Amino acid sequence: MPDSNFIFLVCEGPSDARAAKGFGERVILEHCEWLEPEDFRPKWQGISSGEAYLAWKDVKNALKVFNLRSKHGHFDGETIKPDAVNARNALQIATELNPVAVVFCRDQDNDSERKAGLKQARKDHPETNSQVAIGFAN
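In terms of the numbering used here, the sequence shown opens at residue 1 and continues consecutively.
Please note: incorrect hints may appear among the correct ones.
To be verified - The calculated DSBU-like cross-link candidates involving lysine-lysine, where the alpha carbons are at most 30 Å apart (straight line), are: (1) LYS43 x LYS71; (2) LYS21 x LYS64; (3) LYS123 x LYS43; (4) LYS64 x LYS119; (5) LYS81 x LYS123; (6) LYS123 x LYS60; (7) LYS64 x LYS43; (8) LYS60 x LYS43; (9) LYS57 x LYS123; (10) LYS119 x LYS60; (11) LYS81 x LYS57; (12) LYS43 x LYS21; (13) LYS60 x LYS81; (14) LYS115 x LYS71; (15) LYS71 x LYS81.
What the hints assert, rightly or not - Computed spacing ranges between beta-carbons, pair by pair: (16) PRO14 x ARG41: 19 to 25 Å; (17) SER70 x TRP34: 31 to 37 Å; (18) LEU29 x ASP76: 18 to 24 Å.
Hints are computed from structural coordinates only; laboratory data are not their basis.
Note that the structure is a prediction, hence the values are computed from the model and not measured.
Glycine is no exception: its CB is placed at the ideal position from the N, C-alpha and C atoms.
Modelling step: build the complete structure from the supplied sequences, incorporating the hints.
What follows is the structure, encoded as structure tokens:
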């Protein structure tokens with residue numbers, strides 16, 4: 001069973017981590033009906049308790065910590081969208097860590113396909129599908 005307070009955060013940097021915590025807690029409490037708000041004391045982290053988040057640029061290297069391999073290829077027959085493979089890899093890591101939720105926070109950088117890529121990865125990873133919140137900054 002997942003730690004009901006552990007939230008795996010993947011973002012670009014410290015300012016994104018701060019922003020993600022605000023929206024993430026609201027979304028998680030709204031959608032995880034089994035969580036009691038008075039008992040929810042979120043513990044945000046990356047791949048270890050000493051890290052506040054996992055940076056997008058470090059996802060590929062983090063796979064090695066868990067002896068995982070990067071998964072490539074199509075998503076349900078669809079062309080791969082930007083960030084889909086990196087998000088899929090992050091979800092492999094999340095499966096190993098067993099958090100109550102995963103929060104992806106990403107800058108859109110004028111690329112509307114990035115959001116589609118993160119959604120592809122979420123859809124492709126049914127073990128965590130209902131536990132993944134995606135936040136974007138323009």
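Right, here's what the structure says about each hint:
Note on LYS43 and LYS71: the hinted pairing holds, with a Cα-Cα distance of about 28 Å set against a maximum of 30 Å. Note on LYS21 and LYS64: the hinted pairing holds, with a Cα-Cα distance of about 26 Å set against a maximum of 30 Å. At roughly 25 Å between alpha-carbon atoms, LYS123 and LYS43 fall within 30 Å of each other, so this suggested pair holds. Taking the CA atoms of LYS64 and LYS119, the gap is near 24 Å; set against the 30 Å cutoff, the hint holds.
This hinted pair checks out: LYS81 and LYS123 have alpha carbons roughly 13 Å apart, not beyond 30 Å. Taking the CA atoms of LYS123 and LYS60, the gap is near 20 Å; set against the 30 Å cutoff, the hint holds. Between the alpha carbons of LYS64 and LYS43 the distance comes to roughly 24 Å, so the proposed pair stays at or under 30 Å and holds. Between the alpha carbons of LYS60 and LYS43 the distance comes to roughly 23 Å, so the proposed pair stays at or under 30 Å and holds.
Taking the CA atoms of LYS57 and LYS123, the gap is near 22 Å; set against the 30 Å cutoff, the hint holds. Between LYS119 and LYS60, the direct Cα distance comes to roughly 19 Å. Compliance with the 30 Å bound is thereby established for this hinted pair. For the proposed pair LYS81 and LYS57, the alpha carbon gap of about 17 Å is at most 30 Å, so the pair holds. Between the alpha carbons of LYS43 and LYS21 the distance comes to roughly 10 Å, so the proposed pair stays at or under 30 Å and holds.
The straight-line distance between the Cα atoms of LYS60 and LYS81 is roughly 17 Å, inside the 30 Å bound, and the hint therefore holds. A hinted pair counts as satisfied when its Cα atoms are at most 30 Å apart, and LYS115 with LYS71 qualifies at roughly 19 Å. With a C-alpha separation of about 14 Å, the suggested pairing of LYS71 with LYS81 holds against the 30 Å cut-off. The beta-carbon spacing between PRO14 and ARG41, approximately 21 Å, falls within the hinted interval of 19 to 25 Å.
Under the hint 31 to 37 Å, the C-beta atoms of SER70 and TRP34, about 33 Å apart, fit the expected range. The supplied range of 18 to 24 Å is broken by LEU29 and ASP76, whose beta-carbon atoms lie about 30 Å from each other.
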